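Visitor: Sequence:
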Amino acid sequence: MAYEQTILDMCCGSRMFWFDKQDKRAVFSDIRAEQHELCDGRQLVINPELIADFRALPFADKTFPVVVFDPPHLERVGDNAWMGKKYGRLNKETWRDDLRAGFAEAFRVLRPHGVLIFKWNETQIPVSNVLALTDEKPIIWQRTGKADKTHWVIFVKGGK
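Note that my numbering gives residue 515 to position 89 of the sequence shown, counting from 1, and the numbers run on in steps of one.
Worth flagging that the hints you see were computed from the coordinates, not collected in a lab. Honestly, I wouldn't trust all of these hints.
Across the chosen pairs, the derived CB separations fall in these ranges [unchecked claim]:
1. R526 - G584: 16 to 22 Å
2. F443 - Q550: 18 to 24 Å
3. K572 - R537: 31 to 37 Å
These figures come from a predicted structure and were not determined experimentally. No residue lacks a Cβ here, since even glycine has one placed at the ideal position from N, Cα and C.
Construct the entire structure; sequences and hints are all you get.
Guide: Following this line, the structure appears as structure tokens:
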């Protein structure tokens, strides 16, 4: 059975929240491919099927009905810290421009009436500072996690 790839995960990392980490409907993209042994001995494998920068995606406009955008959320993390390996790093100087470009790319490759699933952890940067980087308005917003710091935000693109 052939599957149409209808979901783009722009920053898949190790695909932590995916129920099926090999879901054939998804294009798993990330800027890095690497493997690390974490402090507890577990292997962290970041192996996207496509190496791409979320600021400049190699897809035509209006390609996907669903886009997942879970960018790095840490700007202060050590070079060898497990959190940096697991979640990636933001550039302290350019993160606003980088995330603004990421939102623009997500909406560019999203079809009209498509759904953008955005995930953010505000351990270091408040989600309000991040959502200010796009003019699009979310329709659903849910906090989760031990301290309510993880935000799942759902957008639906307009009809144009």
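Visitor: Decide, hint by hint, whether the structure agrees.
Guide: Hint check:
1. R526 - G584: 16 to 22 Å: Check passed, 19 Å falls within 16 to 22 Å.
2. F443 - Q550: 18 to 24 Å: Check passed, 20 Å falls within 18 to 24 Å.
3. K572 - R537: 31 to 37 Å: Distance hint for K572, R537 holds at roughly 35 Å.
Of the numbered hints stated above, none is contradicted by the structure.
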